[in-house]
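Two chains, two frames, some hints: make the complex.
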Amino acid sequence: MKTRTSNASYVADHVQKIPRSGIRDFFEIVQSMSDVISLGIGEPDFVTPWHIREAAIYSLERGRTGYTSNLGTPALRRAIAGFVGKRYGVEYDWKSEVLVSVGVSEALDIALRAIINPGDEILYHEPCYVSYSPSVVLAHGCPVAIPTRQEDGFVLRAEDLERAITPRTRGLMLNFPTNPTGAVLPRAEQEKIARLCIKHDLVVLTDEIYADLSYVGELPSIVSLPGMRERTIFLNGFSKAYAMTGFRIGYACAPAVLTEAMMRVHQYAMLCASITSQDAALEALKNGEAAMIQMREEYRRRRNFLVHHFNLMGLSCHEPQGAFYLFPSIKSTGLSSREFAMRLLEEQKVAVVPGDAFGAGGEGYVRCSYATAMDQIEVAVQRMAVFVKGL
Amino acid sequence: MQEILNILEQDALASAEKISQQLKRPVEDVRRQIRQMEEDNVILAYKIIVDDEKANRNTVKAVIEVKITPEREGGFNRLAARIARFDEVKSCYLMSGGYDLLVIVEGTDLKKVATFVSEKLATIHGVLSTATHFMLKTYKEQGTLYAQEQVEERLPISP
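Each protein sequence line maps, in turn, to chains A and B.
Quick note: the first sequence uses this note's numbering, first residue 1, plus one each step.
Quick note: the second sequence uses this note's numbering, first residue 392, plus one each step.
Chain B on its own, in the form it takes in the complex (with noise of 0.2 Å):
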């Protein structure tokens, strides 16, 4: 299982046949063992990362420290999974330190990003405070390199 996530982890795209050659293991086995674990949650889903400058997109993300009271017996789970059901949040990480959640939100202009964290995520009942900061550039993404590093020029034949 692990050896499959590995490869899927670095191409979601390749094909059950590729997976199994590469494994040593009957195709079937390897399809039964992706469609479990799609089944089971623990791939979670397949996406893919976009450089949106290239695509030609404005986006704003903003990374938000939220401080949260936590609730009787609930603890910080029902506030949190409340924030991350926003469509505009794309992480939510319960974090130890100076404040309790960090919250990754994306819009596709500053404006709104300011919008949502003022009207919805700090009016909600048991949020005390955000402090909002904007990301300016991403250089690295999910282990993924936005400057691709230069592959320098191999030898075509070398001993």
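Just chain A, with the same shape it has in the complex (with noise of 0.2 Å):
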């Protein structure tokens, strides 16, 4: 028998390929500091508005407490679905082409494994959140990023996608608004980027959690463009919207083959999403928009501010039309994003992600939160001018 030489050669060759989040030495670090303003945080500051919160409290009460259909609820499905071809015309059979998943990070990963040979490309664009490139990796995927840039809006252009495009690919994953730079997809855009998939006949994966924290009023997907439905995985979740994310309840949408596939998997992994959240998340569906649009109103609000102050200091900064991210440049200090973020945090205790967590394109830039209450923001912000004035 093998001997091994050490227990890290228990652990699986492509896990071991996976680096560490970027954000988990950072976060250790702030952990172990008082007096933090944090703008390093991805989720809202809002507590889950009160219905949902008693609707999920009323679920228990009523001793809803078992395993759900592997799908999710049908009223939950139903709703979803309704939801979706009201917003964006297109139709989905709730019985057989929606999917309640834990968080749309599970969907994520469950759309990818049904899709991906192991070996095929998927490609995303960079800065991008953490999970995409490792996800596409432990699905036995080879990741490859595609840059976009500050001057294009942090935009993913066709012609930088074609360019990517080899015919081991597979698929592409999109994520607008994108979290970390807010950037959100033109129309124009979606379209030629529509028409490269079509021809290349990719699966496109469509993170799209941060569609109703939009600026610019209702975004169009890219799921609505002719020819798309058929390859397209439409993955969205409650946490952003709804200030949910302890619920963990994200869902996909595809053509009836795709879920069956991603059903597959979901099925064995993770059995089904939590029945307390899945009716949480059918009441937020349902009566929760008024709450939504006032904690949209409240981002945008604590995200003009900030643009006015970074603008000020002096760090250029697009203004983010989605989520609730902005994504200044640092470039005009010298210093790379993890020594500015270091160097902010010790000198004026404020937490800022280094852009390069979010991939290499990320480095010259950091990532500051506005889920922040508007007071914290404030000092943040006092303290930043300090900071940079003083480099």
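Just so you know, the hints here were simulated from the structure itself, not pulled from any lab data.
Everything numeric in this text was worked out from a predicted model, so none of it was measured.
Certain hints may be false.
[To be verified] Straight-line Cα separation of at most 27 Å, DSS-like style, residue types lysine-lysine; simulated pairs:
| hint | chain 1 | residue 1 | chain 2 | residue 2 |
| --- | --- | --- | --- | --- |
| 1 | B | K409 | A | K389 |
| 2 | B | K528 | B | K511 |
| 3 | B | K438 | B | K528 |
| 4 | B | K415 | A | K389 |
Shown next, in the form of structure tokens:
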């Protein structure tokens, strides 16, 4: 029998290859300090609206504590199909084309596992959410990053996409509005990208978790373009719009064959999402719009306030059109993103996330979340102004 | 205008500068609009909400259901305005249903409130009856919870 030299050898090669999240070590330093104002938080600062929490409590009171169908409760799936149909004009059969997942993260994971054969290339735009590249690797695919740029407002350009397509390309992941840049994808660019996806027969995973947090009106989705529904896995969830991160409810809408494939992974890995959370999510979809709009208006005001102050500081910053992140350039300071974030933390006790945590293209930027109360944001910009002036 | 009101309703101390930065509008515009709303009595007052118990103030509050006789021409308005003018009356509303006016009265002790009701309010010509309910505890006032919700410990950094 083969003897192993250390415990590390028990860990699979492809898992060993995944780097630790760039946020992780930074998180530990922040946690060890006191009086830090954090602009590094990727979740709403609002507590879930009371009527949604109350619905969860009521669900428990009624004794709804069992498993649900693998795909999710019929009531929630019906409501999701209704919402997506009304918002985007794309109709899904709730019985066979909607799957409720444990957050969008799980939906993304099972979608990738459902479509990737080992070695398939999956394209994604960068800077991007931290999980995209590792999730592809875990599904035995090859992640291929396509850079986006500040001068384009961090929008994915179709010509950059075209250059990245190879015969091995299986799919494209989109996330607009984007974490960490707040970029949205204009319709004209969506059309060009859709044409390429059809031409090269790509599967599209569109993660639209921030779609409701748009400051430029209702955003169209690439899924509603001709020829896209049959090749698209539409992903959304409740965490950001309804401040429900801890409930962990996301969903995927996709043609029946793809939904069935995802369900096969989901049924063995997760079985189903929590019934309490599903009941809460149903309440959010039915009656949550007013509270959601109120939160969005608050985010909009904070965004305006932050953009104003960053420009005063001389940190150039495009105005994000969605999500709750600002992604200012710190290149003018001559520091790397990590140095900037580290020194800002040590000298002024303000935490921001170094841009390189979101991929190589994020170097030279930091992510500042405005999912933090206005009075905290005010103090944070004062401290940052002192810091930048002293550089 | 609505946007400015939304901000001031949440934080009456918000400066014109801060509001202008949140709304991307020139600060002079914001200042002028606030002044205009004050002059037009759109904004009636800026007040604070106090937890009397923590401030060690003994206040007694009562809700009083008042039935009154409507008058020719004036309806309920003249009598309602007359009642509302008393300093003890903190709020006064015309209601549908079983009674006409809902009056909220405040005083430093029970006796003062009771005296006000029996000697001032009930004796006004046109007041038919009163039913007084004393408030025992306040949980929420003008949209503000007295027991502030515990802000849960959010992770200081999350993706």
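Hints versus structure:
1. B:K409 - A:K389: holds, 21 Å
2. B:K528 - B:K511: holds, 25 Å
3. B:K438 - B:K528: Distance of about 21 Å is within 27 Å: holds.
4. B:K415 - A:K389: holds, 24 Å
The structure shown violates none of the earlier numbered hints.
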